[in-house]
Amino acid sequence: MKVSEIAELLRGNPAGDAERQIQGVAALETAGPTELAYVESLRALGPAAASRAGCLLVPEGVSLPGHTTIAVPHPKLALIRAAEALHPASSPPPGIHPTAVVARDAQVAPDCSVGANVVIESGATVGAGTRLCPGVFLGMGVRVGEHCTLHPRVTVYPGSQIGDRVILHAGVVIGSDGFGYVFAEGRQVKFPQLGKIVIEDDVEIGSNTTLDRGSLGATVIGRGTKIDNLVQIAHNVKIGRHCIIVSQTGISGSTEVGDYVVMAGQVGIGEHVRIEDRVVIGGQAGVLPGKIVRSGSIIWGTPSRPMSEFKKTLARLARLDALAEKVKALAQQVEKRSP
Amino acid sequence: MKVSEIAELLRGNPAGDAERQIQGVAALETAGPTELAYVESLRALGPAAASRAGCLLVPEGVSLPGHTTIAVPHPKLALIRAAEALHPASSPPPGIHPTAVVARDAQVAPDCSVGANVVIESGATVGAGTRLCPGVFLGMGVRVGEHCTLHPRVTVYPGSQIGDRVILHAGVVIGSDGFGYVFAEGRQVKFPQLGKIVIEDDVEIGSNTTLDRGSLGATVIGRGTKIDNLVQIAHNVKIGRHCIIVSQTGISGSTEVGDYVVMAGQVGIGEHVRIEDRVVIGGQAGVLPGKIVRSGSIIWGTPSRPMSEFKKTLARLARLDALAEKVKALAQQVEKRSP
Amino acid sequence: MKVSEIAELLRGNPAGDAERQIQGVAALETAGPTELAYVESLRALGPAAASRAGCLLVPEGVSLPGHTTIAVPHPKLALIRAAEALHPASSPPPGIHPTAVVARDAQVAPDCSVGANVVIESGATVGAGTRLCPGVFLGMGVRVGEHCTLHPRVTVYPGSQIGDRVILHAGVVIGSDGFGYVFAEGRQVKFPQLGKIVIEDDVEIGSNTTLDRGSLGATVIGRGTKIDNLVQIAHNVKIGRHCIIVSQTGISGSTEVGDYVVMAGQVGIGEHVRIEDRVVIGGQAGVLPGKIVRSGSIIWGTPSRPMSEFKKTLARLARLDALAEKVKALAQQVEKRSP
Numbered sequence: 472m473k474v475s476e477i478a479e480l481l482r483g484n485p486a487g488d489a490e491r492q493i494q495g496v497a498a499l500e501t502a503g504p505t506e507l508a509y510v511e512s513l514r515a516l517g518p519a520a521a522s523r524a525g526c527l528l529v530p531e532g533v534s535l536p537g538h539t540t541i542a543v544p545h546p547k548l549a550l551i552r553a554a555e556a557l558h559p560a561s562s563p564p565p566g567i568h569p570t571a572v573v574a575r576d577a578q579v580a581p582d583c584s585v586g587a588n589v590v591i592e593s594g595a596t597v598g599a600g601t602r603l604c605p606g607v608f609l610g611m612g613v614r615v616g617e618h619c620t621l622h623p624r625v626t627v628y629p630g631s632q633i634g635d636r637v638i639l640h641a642g643v644v645i646g647s648d649g650f651g652y653v654f655a656e657g658r659q660v661k662f663p664q665l666g667k668i669v670i671e672d673d674v675e676i677g678s679n680t681t682l683d684r685g686s687l688g689a690t691v692i693g694r695g696t697k698i699d700n701l702v703q704i705a706h707n708v709k710i711g712r713h714c715i716i717v718s719q720t721g722i723s724g725s726t727e728v729g730d731y732v733v734m735a736g737q738v739g740i741g742e743h744v745r746i747e748d749r750v751v752i753g754g755q756a757g758v759l760p761g762k763i764v765r766s767g768s769i770i771w772g773t774p775s776r777p778m779s780e781f782k783k784t785l786a787r788l789a790r791l792d793a794l795a796e797k798v799k800a801l802a803q804q805v806e807k808r809s810p
Numbered sequence: 472m473k474v475s476e477i478a479e480l481l482r483g484n485p486a487g488d489a490e491r492q493i494q495g496v497a498a499l500e501t502a503g504p505t506e507l508a509y510v511e512s513l514r515a516l517g518p519a520a521a522s523r524a525g526c527l528l529v530p531e532g533v534s535l536p537g538h539t540t541i542a543v544p545h546p547k548l549a550l551i552r553a554a555e556a557l558h559p560a561s562s563p564p565p566g567i568h569p570t571a572v573v574a575r576d577a578q579v580a581p582d583c584s585v586g587a588n589v590v591i592e593s594g595a596t597v598g599a600g601t602r603l604c605p606g607v608f609l610g611m612g613v614r615v616g617e618h619c620t621l622h623p624r625v626t627v628y629p630g631s632q633i634g635d636r637v638i639l640h641a642g643v644v645i646g647s648d649g650f651g652y653v654f655a656e657g658r659q660v661k662f663p664q665l666g667k668i669v670i671e672d673d674v675e676i677g678s679n680t681t682l683d684r685g686s687l688g689a690t691v692i693g694r695g696t697k698i699d700n701l702v703q704i705a706h707n708v709k710i711g712r713h714c715i716i717v718s719q720t721g722i723s724g725s726t727e728v729g730d731y732v733v734m735a736g737q738v739g740i741g742e743h744v745r746i747e748d749r750v751v752i753g754g755q756a757g758v759l760p761g762k763i764v765r766s767g768s769i770i771w772g773t774p775s776r777p778m779s780e781f782k783k784t785l786a787r788l789a790r791l792d793a794l795a796e797k798v799k800a801l802a803q804q805v806e807k808r809s810p
Numbered sequence: 472m473k474v475s476e477i478a479e480l481l482r483g484n485p486a487g488d489a490e491r492q493i494q495g496v497a498a499l500e501t502a503g504p505t506e507l508a509y510v511e512s513l514r515a516l517g518p519a520a521a522s523r524a525g526c527l528l529v530p531e532g533v534s535l536p537g538h539t540t541i542a543v544p545h546p547k548l549a550l551i552r553a554a555e556a557l558h559p560a561s562s563p564p565p566g567i568h569p570t571a572v573v574a575r576d577a578q579v580a581p582d583c584s585v586g587a588n589v590v591i592e593s594g595a596t597v598g599a600g601t602r603l604c605p606g607v608f609l610g611m612g613v614r615v616g617e618h619c620t621l622h623p624r625v626t627v628y629p630g631s632q633i634g635d636r637v638i639l640h641a642g643v644v645i646g647s648d649g650f651g652y653v654f655a656e657g658r659q660v661k662f663p664q665l666g667k668i669v670i671e672d673d674v675e676i677g678s679n680t681t682l683d684r685g686s687l688g689a690t691v692i693g694r695g696t697k698i699d700n701l702v703q704i705a706h707n708v709k710i711g712r713h714c715i716i717v718s719q720t721g722i723s724g725s726t727e728v729g730d731y732v733v734m735a736g737q738v739g740i741g742e743h744v745r746i747e748d749r750v751v752i753g754g755q756a757g758v759l760p761g762k763i764v765r766s767g768s769i770i771w772g773t774p775s776r777p778m779s780e781f782k783k784t785l786a787r788l789a790r791l792d793a794l795a796e797k798v799k800a801l802a803q804q805v806e807k808r809s810p
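Chains as they are written, first to last, in our numbering: chain A, 472 to 810; chain B, 472 to 810; chain C, 472 to 810.
Just chain A, same shape as in the assembly (with noise of 0.2 Å):
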């Protein structure tokens, strides 16, 4: 594409060489001639103008002499964009490939693409424009949307409900059984894990994430909600919109989350929490059972306290020294007065 051309589909201001080819996108540091890179803020300047890419998308006012420019009002977003055009998608021819064993009665939608060794059990239905990569395998009665992608691996236990324009990564499970026992006669007894699990529409979820069903409601990811590697959701757990969670953390049974709720990597929450809308939570922090975290709150440290408190308490910490110091020069002070 012309650098004209990108400019029209971001919208955006041209300047420089508004003939040059592009084909495709990469970072400021190390794009080409012959690559779009993006500016994220004016702490990129310096990069920027040392960068030998072929066209830079800036912030709008700001101007780079000597470079071709787009100026748009968000350049991360627009190389989202100029990406998506540079670099379409490829998506593989549709068709069963003849190792996948497919139940009869399963309900494959005719354009899906259905990787080798795929099993799809009994009474499945796979929305139009789903792609089932290799070693895919949908339970009884699973129901998967249009346009999703299942990458290598994932799998789908019996009954789980899968929305539209779905991604899951890699080693995926979705919907085990859940951690339930009852400690009785000396032993764990098994607790009945017969609930669902439904994941909501443009949700995307990393690879080896694992969530199990419900005992005996439903586990849901809501809508938009973007899960990374290796997080772990239990049984009954109900996670709101758009939510952000970063690897490695693990969110315990029956606990609710609202929209919009960011948890940084390693969080544990524990069970019958409820996190309300706009929560950010920090990295390792540790969420006790049974607490509410109301809206909008920023927390962080185990057990997760307000993140300016917690900070607080570290910055004191680390003049926990000196404190003593000074007591223990008080009390020879006194000492030293005693009559």
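Honestly, the hints are just simulated from the structure, not real lab data.
Treat each hint with caution, since some may be false.
Once the Cα atoms are required to be at most 30 Å apart in a straight line, the calculated DSBU-like pairs of lysine-lysine come out as [to be verified]:
hint : chain 1 : residue 1 : chain 2 : residue 2
1    : C       : Lys547    : B       : Lys661
2    : C       : Lys782    : B       : Lys797
3    : A       : Lys783    : B       : Lys799
4    : C       : Lys782    : B       : Lys807
5    : A       : Lys782    : C       : Lys473
6    : B       : Lys797    : B       : Lys782
7    : B       : Lys783    : A       : Lys797
8    : C       : Lys783    : B       : Lys782
9    : B       : Lys667    : C       : Lys473
Covered stretches of chain B (in silico footprint by chain A; criterion: 3 or more residues with CB under 8 Å from a CB of chain A, positions within the stretch not fixed) [as the list claims (entries may be wrong)]:
hint : stretch
10   : 485 to 498
11   : 542 to 555
12   : 573 to 585
13   : 619 to 628
By construction, the Cβ of each residue, glycine as well, lies at the ideal position given by its N, Cα and C atoms.
Assemble the complex: chain A is given as a structure, and chains B and C must be docked to it using the hints.
Leaving out everything else, chains B and C in the frame of chain A:
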């Protein structure tokens, strides 16, 4: 089943409409007129009174006028028994799927169900009534006992031993190489990982959990122990009987764990630790290498301490600001009075 | 092998019955009369004296009367060498299993072993002597070097590059999409994940570990680095040579790690961190985003600090109660003396 039949099965005491037909179990909040739910304790009497469940399992001595109930000593346990009767586990027909690859000298009991794309290598044995779901891999010489369920894509490395009635969820890896190296001549030299792994009877292991085999000795998971999703068990670890190990916990090499131990989520245990019987470990706690945790202890924090002590430290921390203020005031007071 | 032959292989100094036949290696505590064990240091002399091992590898200068021994400079390393001779790795016969699905234009070296249900997509290449166990998936254009072992169900996304002598354990995912979104118009918009991933020679990666490819640049795992089970490596991470990364550690996007770095279990590293050579990080430590950790540092805690400083803080914390008591007493003393 009629309410009267369920009451008989549970040896419970029915009240209300004993002829009512019950078709399944459900949660108290969502159960309908043909469903059975349970009331865990007196604290749940409010939701119980509002429940639309066709029948409620209640603690002995509790009456709920207007509801059909069955009084039992342990309602949650009773629900488990009832669920087994109302939702009998569906087992697939025995037989070996034509796409399964089974070594000629492997021994698979005739009533096993072996799914699509299962691979069973030379010398492996599979006991009566065991179900291998699609994509399971059993390496050379693996032994799997009777009435086990190995969910899709479970991988069992050569030589591993699995007892009876074991449940392994999707993506579990049994018997991979332990993580041991000797640093020599500027590089990490791999220590031999030649040992074995034994999973005893009635163990259940969650999705994508990994268990390494012993380096020279054995890794052992004791009878009746339950392990959640994404847990890591390192080489030579010995875990006792009827333990509960919650998701994302990691246990380092050569650590020994007693019977009836409970570890909450994201716990980390160092190498060569000894955890005695009935220890309880709080979420995200870290036990340092070489420690001995005495029988019955309840511990928390990193480094882990007795729970009560750790909570006291947390409370003290929360008052650290006040302490610093007090010292400051004291210093001023002393200063003022100086002659 | 005779003891004399093993001594010759190890260039060690035998004492006792040099004609004795040794069939394998074992742990000091469990070794029998035909097995070889090692005595790591003088601290193990007690168990060594009690050992029933047919032969013991001991540090130079150590004599164990009544035992057959071989004295070597580094007994543990010597055991590794002996184990390689006594337990030669069994390699399956070369060939492609009839159930494997190999693209016509994929290049697989003739002496490779390709197991059942392996899928190799178009343009992929596999070097000499490499073993692909059942269910391995290699995406389009993947390059795997020579003498690698990919255990069952390893998934390699399109375009990933893997060096020579690499070992990937069951369920490893190489090259999945990084976790990057821009929040715009009320939803999370996926940032392009178009980069690549390079796994250099002699790397070993544990079961169910996940490694994302770069977003625009590359993710790189340096030569000789060893990664344990269930570790998460995010997009654009660069890891140096001969590092040790223990189980359940997570490294966030664009972080750079030097050579010979050691991370204990469950460590969390934020984004854009720089960890220089030979840094050691204690278990469960958390390194905040953007930090630089200087060469040779030993750090621990969240947020991570120098180990010695963090230990001092812990010790001070343990005496916090005593400090508070002291302040209380001091206040009373001051009060009493007021005029």
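So, going through the hints one by one against the coordinates:
{"no.": "1", "hint": "C:Lys547 with B:Lys661", "in the structure": "11 Å, holds"}
{"no.": "2", "hint": "C:Lys782 with B:Lys797", "in the structure": "26 Å, holds"}
{"no.": "3", "hint": "A:Lys783 with B:Lys799", "in the structure": "17 Å, holds"}
{"no.": "4", "hint": "C:Lys782 with B:Lys807", "in the structure": "37 Å, violated"}
{"no.": "5", "hint": "A:Lys782 with C:Lys473", "in the structure": "64 Å, violated"}
{"no.": "6", "hint": "B:Lys797 with B:Lys782", "in the structure": "22 Å, holds"}
{"no.": "7", "hint": "B:Lys783 with A:Lys797", "in the structure": "23 Å, holds"}
{"no.": "8", "hint": "C:Lys783 with B:Lys782", "in the structure": "20 Å, holds"}
{"no.": "9", "hint": "B:Lys667 with C:Lys473", "in the structure": "25 Å, holds"}
{"no.": "10", "hint": "485 to 498", "in the structure": "holds (count 4)"}
{"no.": "11", "hint": "542 to 555", "in the structure": "holds (count 7)"}
{"no.": "12", "hint": "573 to 585", "in the structure": "violated (count 0)"}
{"no.": "13", "hint": "619 to 628", "in the structure": "holds (count 3)"}
In summary, the numbered hints that this structure violates are 4, 5, 12.
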